[in-house]
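Student: Chains as they are written, first to last, in the working numbering: chain A, 1 to 267; chain B, 1 to 279; chain C, 1 to 341.
Think of the hints as simulated: they come from the structure by calculation, not from any bench. A portion of the hints provided could be inaccurate.
Unchecked claim - Just so you have them, the derived chain B footprint on chain C, three or more residues with Cβ under 8 angstroms: (1) 16 to 24; (2) 113 to 125; (3) 273 to 287.
Since the structure is predicted, the reported quantities are computational estimates derived from the model, not experimental observations. Backbone N, C-alpha and C fix where the C-beta goes; we use that ideal spot for every residue, glycine too.
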Amino acid sequence: MDSIRKRARELLEKNTVKVVIGYGVGSDNTVRAIFVRRPEGVEELIFDETCVQNLAVYLLKNEIKQIGKLCIIANISALRTILQLASEHQIHEEELLCLSVTPNGELLEFTGFKDIENYISSCNRDLPDKESEMIKKLEKMSVDERWQFWMNHLSRCIKCYACRSACPMCYCTRCQVEYNQPQWITVEATLMGNFEWQITRTMHLAGRCVNCGECARACPEDIPINLLNYKTVLTVKEKYNISAGTNANIDSVMSSFESDDKENFIR
Amino acid sequence: MNEQNIYMPYLMRIETVRDEAPFVKTFRLKFINEEILNRFTFKTGQFGEYSAIGEGESTFCIASSPTLKGYIECTFRQTGKVTNALAMKGEDDVIGFRGPYGNFFPIHEWKNKNLLFIAGGIALPPLRSVIWNCLDLRNDYKDVTIIYGAKTVDELIYKHELKTWDERSDVKLVTTVDPGNETPEWKGKIGFVPTVLDEVAPSSENTVAIVCGPPIMIKYTFPVLEKLGFTSENIFTTLENRMKCGFGKCGRCNVGKVFVCKDGPVFTYKQLKELPQEY
Amino acid sequence: MNIENKLLKLSSLEGLVLKLNQDGKQVFAPVKKDNIVNFAPVSAFHEMTQDYIVTARSAKFVVFPRVETILEMQFSKDNITLKDKDLSSIPDAVLLGTRPCDAAGFKVLTSIFEGDYIDNIYVTRLKKTTIISISCNNYDAKCFCTSVNVHPGGTAGSDILLTRIDNDNFLAEIVTEKGKEIVNKFDTLFDIAPDVNKDSLVANVPVEFDLSAILGKIYPRFESDIWVEQSLRCIGCGTCAYVCPTCGCFDIQDVSDGHNGQRKRSWDSCGFDLFTLHSSGHNPRNTQSKRWRQRILHKFVYVPEQDNILGCVGCGRCSRACSVDMNLKEHLINLIGELTK
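If we strip away everything but chain A, and leave its shape as in the complex, we get (with noise of 0.2 angstroms):
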């Protein structure tokens, strides 16, 4: 904690960068995003393993931008979001400057996206137990326990989009279910707009989801949306052998295509 205090204490002196995104404590014994921009602010700075939420959300968020070029403490899920977000051509690397910590309670300071996909290769990516059981279980039932399990869940969702606002990698400036020429999305919470909202979403995050959990974690209607798109991160792992986040330059596995894919519908 205190190396990246001193750190961050530099950065903001020295002008380096204008704003330290970390954490901070936050109400009842929780961790929040803080955006520090005074050298005396470092000392709010905490880093643990409370610390899950992904701060690279802010990083394209415009009030955030405008303050000026960026430090960001990071944890493997903003390492491999930022990683993702480079090869979508979100962020470039002169934009930004990363800080973690190991397990150990190492300070890292990342040059650049390479370092970063050095240090994310020798991390554990796997999905969390917990989620992999459930997958598992999802897996096994049959396609109409499946769809009553989801049914159970997606018919509470209220449309709050929380789960869009904190995922990171849902950047667009217009979403899908903001295009109303043709109204793909039923913009009130109806069941079966309520599928097509979480459907399209799995989709359109398909190898790009790098298993941060934000979405399940700031649904306020506890729903496991997590698990569609693990089940996809498994998926693209099984399928082209490609795990989102691990390198600044992958082609996008939705958007690409090569000539020995398995599926020739396209030829």
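The hints should help you fit chains B and C onto chain A, whose structure is shown.
Tutor: Quick look at chains B and C alone, frame taken from chain A:
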């Protein structure tokens, strides 16, 4: 209005459809229900919610003068789902209408004054209503000047009415198009509305100015009017913000404390100066 | 009417829920499912949980559903017919276990849906709903009702208010005629009230800020940087509005298959960019800080000035539901700090 359900529109039949400019149409609309037809009144400056039934509702002013009985007119540009659906309608087709909503231009307070109308592009419809209203009470007012500009000659709307106003000896009409967009036949001015206003320099003496246009035009027109000596309480405009209900419930059209749908859409520049920039 | 006190035994609630259901009323009460407590239809009292501070989502959906058909349409070859909402189809409902803050929230919604244009759909739903609240004997760190003039044992907005006297008994305050109807109809379930000091039975929620330091004082700070500062971590989802008992902003959309259609009113949120986006692409509230300011000002300036009622009841739902810890109570305290600087 329907006493039971405030969301229930009246059905109106389209009597005529007129193409004004690319993607801009005017509908003449007549209430299907005789009783409503006879009962319906509105004041100039008020607006309504027009529906392409099955597609949704859209907000536009009533573009005709209240002095005309038996029908109302609306003019709209195709920009989204509802306006595109409305544009597909033809004569004898039925659309929905809720209204009238909002406040209106205080034309009776303008008696014995000169009137200066300034409009840009697709913002002429609300002024057209008040212009015709005042012209129908012509003896109540002194000089009437209209300055109207559009990006291109093609985009000037109400072309036949511009001609009528131009030909009237009791109306001074100045039309303009943005520099570079004039055609060889163009006889009007070339320049942005605020510049042309500065050039024409109408007297502010005993005059009210009524301005309507895109935010950028309004922003540059007010200072010119003030330079010409207009006081902010003698400058009127009508605001547009996204609306759904039209009566102060859906929560999106407010400019600070003020609801455009209920407290507006007509405001004086004096009122606007006291409001935050939320329009 | 004067409030009348009765005694209601816990054991009588079982009978009451049963009889209300038999009477054709839909009874909604807090139900725990997957560890979240929300209002849901119950057919028996034991389905209701007693273990909650407030529900995750507010009870507003009973009178202001997340989607409501406001009129129907039929299309034939050359005719369009509009069908009015059949208000008589709206079922009688009973909300059991609302908190005094929930009940107070309905007053705010009513101030929005009444006014110059009376929304009869809302009004009818509310008229057909009997609100039986239960006073709070507990609170958490997100609660701040007493700071916004709502009391954990307050009767405002409730038809009957139950306050737990001991394990087996509730004090039942009969607040309105609608509440009295229930008592009259099921009079065998109610007994004579004992003499109790109600204040000693409800939670002592501390007053955390001085409301008068906010009211009438934030509007002049419209252009303050504080709105940007407070909303930097806001990610712009609509959760706070959707769980809020007093957020009444809505969208209207048509749904049609070409033969039949419905015009639907659904929840919307001032936190969304699309909420105020003009068709020209211009957006008067184009940043999250402007939308955050709108949220605060709507509740603490616009509603109070228009309807003489505070737009926030201090239930703290927005703060509990927020995934990025936008804590309303904390923001209000912070705001007062800025105002008094």
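Student: It remains to establish, for every hint, whether it holds in the given structure.
Tutor: Hints, verified against the model:
no.	hint	result
1	16 to 24	violated (count 0)
2	113 to 125	holds (count 8)
3	273 to 287	holds (count 9)
Consistency with the previously given hints fails for number 1 only.
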